[in-house]
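Each protein sequence line maps, in turn, to chains W and F. Residue numbers for the first sequence, in the numbering used here: 6 to 295. Residue numbers for the second sequence, in the numbering used here: 795 to 1126.
In short, the hints are calculated from the structure, not lab data.
Once the Cα atoms are required to be at most 16 angstroms apart in a straight line, the calculated EDC-like pairs of lysine to aspartate or glutamate come out as:
1. F/K853 to F/E801
2. F/K868 to W/D195
3. F/K868 to W/E192
4. F/K821 to F/D996
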Amino acid sequence: MATKHTKTLSRLMNLPAIGLLFIWMIVPLTMAIYYSFQRYNLLKPDQRGFAGWFNYEFFITDPAFVAAIINTIVLVGGVLLITIIGGVLLGLLLNQAIVGRGIVRILFISPFFVMPTVAALVWKNMLMHPIYGMFAEIARFFGGTPIDFFATIPLLSIVIIVTWQWLPFATLILLTALQSLDQEQQEAADMDGASAFAKFRYITLPHLARAMTVVALIETIFLLSIFAEIKVTTNGGPGTDTTNLPYLVFSRALQHFDVGGASAGGIIAVILANIVAIFLIRAVGKNLEA
Amino acid sequence: MGNIVLEKVNKCFGDVEVIPSVDLDIKDGEFVVFVGPSGCGKSTLLRLIAGLEDLTGGKIIIDGVDVSDSTPAKRELAMVFQSYALYPHMTVRKNIAFPLKMAGMDQAEIDKKVEAAAKSLNLTDYLERTPGLLSGGQRQRVAIGRAIVRSPSAFLFDEPLSNLDAALRVNMRIEITDLHKELKTTMIYVTHDQVEAMTMADRIVVLQAGDVEQFGSPLDLYNKPVNRFVAGFIGSPKMNFATGKDAEEFNAHEIGFRPEHMTVSTTEGRWKGVVSVAEHLGADTFLHVKTENAGTFVTRSDGELNINYGDTVYVSPNTDKIYRFGADGLSL
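The whole structure should be built from the sequences, with the hints applied where relevant.
Shown next as structure tokens:
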């Protein structure tokens, strides 16, 4: 596979796919950059023109922007933390020889296949609803007051819903990593007098480190762009309590019809996501080398 | 101290009885090798002693204490695994220190012991590397280092050399033998390679289908095998066997004679045959001689022998070196 001829040929064969991907990326990006420097509001189509950095300034100085950044961090960080810790624990559990392990595993994995809008609707109307919801029913059964989830703890509620969706993914990846843990290493640790906790701390956890970074990387990419769950449940509210960056961009574009401002927001989101990606890929790269 | 006694040890996996009943008395400081064909239960027996498998019946007594239900750590044995089982994310230093750390020893003491072990195993330059960067032989030495730092009452080796190439295997064999001479600790060593068994052991346990066939010194096994199985298993190339009229002549059901106890001649001898394979090893020549009516025999003669494939030769056993077996396979 290393002769000059095959190398040239393989590059040639790759070209159409790479070209298509490049166009797919560069056209929308250029358009967004172009619009971000335009004064362009659909409600005032006559006032178009070059806007300079105004759109960026406007987007960043918007008080909702700081709130959105914080909400995004809390959302991504919270879900990551819960899914990784929960994923390790569930993975350990599912790795045991329990009765009906196959069925239990499928049950665990299934939330991942439910589409975000449906999941959010189910949680909103059937579980978390203060009147008809199952949690409210349970609270009343024990004589408590039902919690109005989306009014009192809106961001936490979103975190719970997203966690429910992503926990299976984390569990699945971590479970496969656990299954590849060398049996003889564990036996060696047994001989060396390691307790169950010490074995977990010194053998299992380091073994899982690589899988954990992969989970963190993949989840971060998707969690940065969470939208459906917010749109369906809280619409970013109350106030800006559950507005994350993607939702803020959406609200500029399709609630204020400010194409220029939304494009500027989009570019800012792209830059922030790339900064995160660089750090993550470095962290993962370090972990994969070891 | 490392006196290990097995009393009526029995092990079943579900309905399958792997080890029916084994009695052994391994003396302190002895180098004992478990040898047998694959699937004979030798590794299972070792794992039972280590405590990695539960006994189905019987007792294991170490230094007078019944440890049948003790955890592996409580038995104070150290084991070297076939895959080495090093901890991949720890440096060599941390690997060797791990059992000491688990025992709660203080750091200064640990450092001292690790340095000493590394020095005796030529690992000092590699202490800060991870196992992934080491060669097979070095990994093997790290595994041994991890075993010796604890000063266990006995070492258990589970086919430790089977992942090494031939030259390295010979070296490590000598290193382990030296280690035993130096430490004078009981060692139990599992292998399927009878050359390893013969060269290293004080005493060898020959196992077949979970039963101890014979327990004795290498030369005992070679000179006085108790039955046909041990006779055929110990020695390389394998012993030749003949039955029928040839055996009746010696008042036996079957007779055996080793390749090195045979004479090859181009003119006269007991059996006439054709050479089907001639292996010239330099020092020795192995001939596989297909006789007319007694089967194929392997002979061992010196390297200068000028006999080749297809030649007709006569082979005869040295009559004073013949092993006689009864119909039940036992030696007569």
